[in-house]
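Colleague: The lines below spell out each chain.
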Amino acid sequence: MLTKIVRTVSNGFIPIIVIFGLYIIAHGHLTPGGGFQGGAVVVSGVVMLLVAFNSQELKKSLRERILSIMESSGALIFIGLAFAGIGTVFFYNLLVGSSIFGGIPPTGPNIGDIWTGGVIPLMNFAVGLKVIAGLTAVVLAIALFSGGEEVEE
Amino acid sequence: MMEHVPLDFPFIAAALLMGVSLYIIIFKKNLIKLIMGIAMLAAGVNLFLVALGYRAGGGAPIYTGVPKETMVMPVPQALTLTSIVINVAVLALMLTMVIRIYRHTGSLDSEKSRKLKG
Amino acid sequence: MDSLIYHSPALIVALPLVVAFAILLISRAGYRVRNIFSLVIFGLIAFLVAVLAVDVHSVGIRVYTFGATAAELALPGGYMVPVRIMFEVDGMSIFMGIIITTVTLAALIYSLHFLKGQTGQARFYSLMMLLYAGMMGLAFTGDMFNLFVFLEIASIAGAGLAAYRTNMADALEGGFKYIVVSAVSALLVLFAIGILYSQYNVLSIAALANYMQYTTLDMIALGLLGGAFVMKLAGVPLHMWAPDTYTVAPAGTTPMILAASYTSMYALYRITFTIYGAHIDSTAIGWIVIVVGVLSMFIGVMMAVHQTDIKRMMAYHAISQGGYMLLGVGVGLAVLANPVALASYGRDAINGGVFHIINHVFYKALLFMTAEAIFFRIGTRDTNKMGGLARNMKWTAVFYIIGALAISGIPPFNGFASKLLIYETVLKFNPVLAVIAMFVSLVTLASFVKVFYSAFTGPEMPAYREVREVPKSMIIGMAILAACVIFFGIFPGLIVDNLVAPATEALINQTPYINAVMGAVP
Numbered sequence: 000m001l002t003k004i005v006r007t008v009s010n011g012f013i014p015i016i017v018i019f020g021l022y023i024i025a026h027g028h029l030t031p032g033g034g035f036q037g038g039a040v041v042v043s044g045v046v047m048l049l050v051a052f053n054s055q056e057l058k059k060s061l062r063e064r065i066l067s068i069m070e071s072s073g074a075l076i077f078i079g080l081a082f083a084g085i086g087t088v089f090f091y092n093l094l095v096g097s098s099i100f101g102g103i104p105p106t107g108p109n110i111g112d113i114w115t116g117g118v119i120p121l122m123n124f125a126v127g128l129k130v131i132a133g134l135t136a137v138v139l140a141i142a143l144f145s146g147g148e149e150v151e152e
Numbered sequence: 000m001m002e003h004v005p006l007d008f009p010f011i012a013a014a015l016l017m018g019v020s021l022y023i024i025i026f027k028k029n030l031i032k033l034i035m036g037i038a039m040l041a042a043g044v045n046l047f048l049v050a051l052g053y054r055a056g057g058g059a060p061i062y063t064g065v066p067k068e069t070m071v072m073p074v075p076q077a078l079t080l081t082s083i084v085i086n087v088a089v090l091a092l093m094l095t096m097v098i099r100i101y102r103h104t105g106s107l108d109s110e111k112s113r114k115l116k117g
Numbered sequence: 000m001d002s003l004i005y006h007s008p009a010l011i012v013a014l015p016l017v018v019a020f021a022i023l024l025i026s027r028a029g030y031r032v033r034n035i036f037s038l039v040i041f042g043l044i045a046f047l048v049a050v051l052a053v054d055v056h057s058v059g060i061r062v063y064t065f066g067a068t069a070a071e072l073a074l075p076g077g078y079m080v081p082v083r084i085m086f087e088v089d090g091m092s093i094f095m096g097i098i099i100t101t102v103t104l105a106a107l108i109y110s111l112h113f114l115k116g117q118t119g120q121a122r123f124y125s126l127m128m129l130l131y132a133g134m135m136g137l138a139f140t141g142d143m144f145n146l147f148v149f150l151e152i153a154s155i156a157g158a159g160l161a162a163y164r165t166n167m168a169d170a171l172e173g174g175f176k177y178i179v180v181s182a183v184s185a186l187l188v189l190f191a192i193g194i195l196y197s198q199y200n201v202l203s204i205a206a207l208a209n210y211m212q213y214t215t216l217d218m219i220a221l222g223l224l225g226g227a228f229v230m231k232l233a234g235v236p237l238h239m240w241a242p243d244t245y246t247v248a249p250a251g252t253t254p255m256i257l258a259a260s261y262t263s264m265y266a267l268y269r270i271t272f273t274i275y276g277a278h279i280d281s282t283a284i285g286w287i288v289i290v291v292g293v294l295s296m297f298i299g300v301m302m303a304v305h306q307t308d309i310k311r312m313m314a315y316h317a318i319s320q321g322g323y324m325l326l327g328v329g330v331g332l333a334v335l336a337n338p339v340a341l342a343s344y345g346r347d348a349i350n351g352g353v354f355h356i357i358n359h360v361f362y363k364a365l366l367f368m369t370a371e372a373i374f375f376r377i378g379t380r381d382t383n384k385m386g387g388l389a390r391n392m393k394w395t396a397v398f399y400i401i402g403a404l405a406i407s408g409i410p411p412f413n414g415f416a417s418k419l420l421i422y423e424t425v426l427k428f429n430p431v432l433a434v435i436a437m438f439v440s441l442v443t444l445a446s447f448v449k450v451f452y453s454a455f456t457g458p459e460m461p462a463y464r465e466v467r468e469v470p471k472s473m474i475i476g477m478a479i480l481a482a483c484v485i486f487f488g489i490f491p492g493l494i495v496d497n498l499v500a501p502a503t504e505a506l507i508n509q510t511p512y513i514n515a516v517m518g519a520v521p
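Chains as they are written, first to last, in numbering that gives the first Met the number 0: chain U, 0 to 152; chain P, 0 to 117; chain D, 0 to 521.
Simulated from the structure, these hints should not be mistaken for lab results.
Every residue gets a Cβ at the ideal spot worked out from N, C-alpha and C, and that includes glycine.
Heads up, some of the hints might be wrong.
Short derived list, chain U residues pointing at chain D, Cβ under 7 Å [claimed, not checked]:
no., residue
1, F19
2, Y22
3, S67
4, A74
5, L75
6, I78
7, F124
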């Protein structure tokens with residue numbers, strides 16, 4: 000565990016990093032970014048917490064059961080959204096033209112309306128959830144493992 | 000200023016990265032160096048893919064507030080992104096296995112960890 | 000029913016993914032719920048594969064475009080090249096699909112009881128379903144980048160399964176070797192895909208086959224792809240990972256990793272025959288494939304003879320039998336440009352090579368499962384320590400005999416049918432190769448007889464007096480494969496006409512594959 004200054008500053012920084020990561024996830028269909036990139040940014044914030052605090056401390060707040068449920072539900076939401084279009088074809092974008100995220104953007108350079116894209120922003124959120132949970136579990140497992148203990152089931 | 004740099008530079012760099020990493024993978028015995036070699040090979044292939052899409056004088060292929068007329072090709076960027084994600088998973092798996100092998104045999108030498116002969 | 004057939008390529012790959020992620024949630028309700036859930040959904044997937052097989056053989060190639068307004072609409076109005084991700088199922092793809100599904104069904108039933116007492120059981124089933132989804136995606140894919148993605152999915156899941164028993168150091172080493180070889184070969188495949196994309200600006204296999212002009216860069220890409228896939232299918236000289244990995248994989252997962260190697264062989268054939276088939280100098284490429292095949296046969300069986308570990312010996316035999324398949328298809332490839340020779344023995348050579356894939360996977364899976372059954376009961380794989388097991392493990396001994404006779408090519412088991420096809424056609428091509436093939440078969444029989452004597456017959460050892468037969472679920476898993484071995488041996492003509500001949504036709508003639516996507520090109 001590092002000094003009190005480092006711990007306090009990381010505690011202050013982590014909301015900013017999480018919000019930045021969520022911004023990248025949410026605007027994935029307009030600007031560069033999307034599910035994996037935003038998730039990796041959030042996990043880099045978690046790594047900052049891991050360095051500032053001990054991995055044992057972090058294990059008390061990030062329980063393995065919650066991470067596993069988050070990861071599985073992220074993947075299931077993604078595949079569920081893909082199955083939702085099975086009336087036409089698997090992965091069909093059925094929300095285009097409807098009220099949720101259903102705008103149709105004009106061709107060519109434009110300002111970028113967030114309520115476009117159909118199913119894609121929702122899939123971005125599902126992938127972001129899965130990436131956050133999965134990479135946090137990996138980073139936590141390797142940190143605990145090098146310290147000499149095992150992560151069970 | 001960028002027009003004076005020959006357009007082949009990224010390809011030469013990618014070929015250099017791939018050549019050095021193949022040398023490392025084949026000839027080095029330390030397991031961690033082997034993993035570093037695979038990470039370098041991935042970096043070389045990703046650089047090659049991104050450099051494929053470049054069109055001279057092009058800008059980023061996004062429509063939201065972009066000033067330029069010509070754009071670079073976006074498909075190799077999508078391929079590179081998928082490749083980066085897959086390589087993260089592969090490297091995490093390899094690192095976990097190496098930690099466990101080190102726990103069992105106490106050494107990172109790939110010659111010493113050969114328990115099976117023949 | 001019609002809509003099930005219509006959506007079946009996507010469902011066959013998507014349902015295992017749903018099972019893989021849902022099992023982590025469902026397994027908190029207890030292991031019986033998990034077993035029933037996975038068996039029911041896998042039964043549905045197997046039914047879909049059977050229905051799709053009947054449809055492809057009767058109607059024709061089935062194209063499934065993801066995200067379009069209709070599944071077969073690969074080229075919507077005004078487009079010149081296909082831009083969406085698609086699956087394209089023809090005779091050879093569904094042939095591999097049938098092999099993979101049967102082996103996974105047997106492995107799933109076999110593993111139900113095997114895992115008692117292990118931790119992380121839910122993750123084991125999850126990895127098995129991921130490996131199945133990766134292999135089926137690799138068999139059904141219609142564009143090159145999906146080939147790379149599914150190849151990596153299958154490799155990661157396979158390495159996780161091989162290193163499952165983390166308390167044993169050699170399991171970790173086997174898994175580590177598998178993931179290193181798979182990572183390097185997949186990165187080389189990605190490099191070759193980059194080269195092909197830079198030339199033609201398309202990623203779809205049918206469009207690449209249409210636009211292919213055989214430039215120097217394309218030759219480099221073919222060399223890279225060939226080398227990468229030979230690494231994945233454990234052909235000599237890049238076979239060093241196979242004995243370690245096949246030996247340590249637990250329960251029924253060794254047959255699945257074996258099926259993954261032969262799905263990489265399918266990917267090699269798909270690229271060589273469909274994309275490059277009309278343009279290459281087929282004699283030269285065919286001879287390269289023949290040389291790799293003969294080397295694999297010979298070195299595999301020579302290394303297998305003096306092994307004492309029963310599964311390691313079977314792994315070397317798997318390398319050697321892979322050489323038979325490469326030999327058969329290589330002979331067919333070498334005479335591809337010569338219509339007289341192709342009609343007289345070339346087509347039968349490819350028939351033999353492709354038929355040997357399904358035969359080999361079935362009897363080798365049976366043999367691996369018997370070896371794991373012995374390990375389950377007595378805890379060792381060393382043949383020097385075994386003895387007299389046939390008294391107590393009657394079913395295992397019977398299945399071992401069936402597998403050993405099948406691999407040596409003894410009638411009426413299925414190895415005889417495909418090996419006879421290979422011998423006859425290779426004899427017409429070049430007699431020396433046929434003599435080598437027959438010699439390898441004799442040495443195979445000798446090594447299996449030696450292991451049978453030391454493991455099953457002989458005086459009963461006092462340590463094994465209380466060894467009982469393996470649980471019923473494991474016997475059912477082995478019995479499914481044994482029934483297939485016997486059935487394919489008694490009716491080989493039926494199988495060759497209905498399953499193998501459409502696959503060979505799909506390989507030799509790539510025009511229907513291209514036309515199904517690009518529309519009839521004049």
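Colleague: Each hint needs a verdict: does it hold in this structure or not?
Modeller: Status of each hint after checking the structure:
Taking 7 Å as the C-beta cut-off, the interface hint given for F19/U is violated, the closest approach to chain D being about 28 Å. With 7 Å as the threshold, the beta carbon of Y22/U stays out of range of chain D, its nearest partner Cβ sitting at about 27 Å, so the hint is violated. The beta carbon of S67/U is positioned within 7 Å of a beta carbon in chain D (closest approach about 6 Å), and the interface hint is therefore held. Checking A74/U against chain D by beta carbon gives a least distance of about 4 Å; that is within 7 Å, so the hint holds.
Because the closest C-beta pair between L75/U and chain D is about 5 Å apart, less than 7 Å, the hint holds. Annotation: interface hint on I78/U holds; nearest CB of chain D at approximately 5 Å, less than 7 Å. Violation of the interface hint for F124/U is found here, the shortest Cβ-Cβ separation to chain D being roughly 16 Å, above the 7 Å cut-off.
The structure does not agree with the numbered hints 1, 2 and 7 stated previously, though it agrees with the rest.
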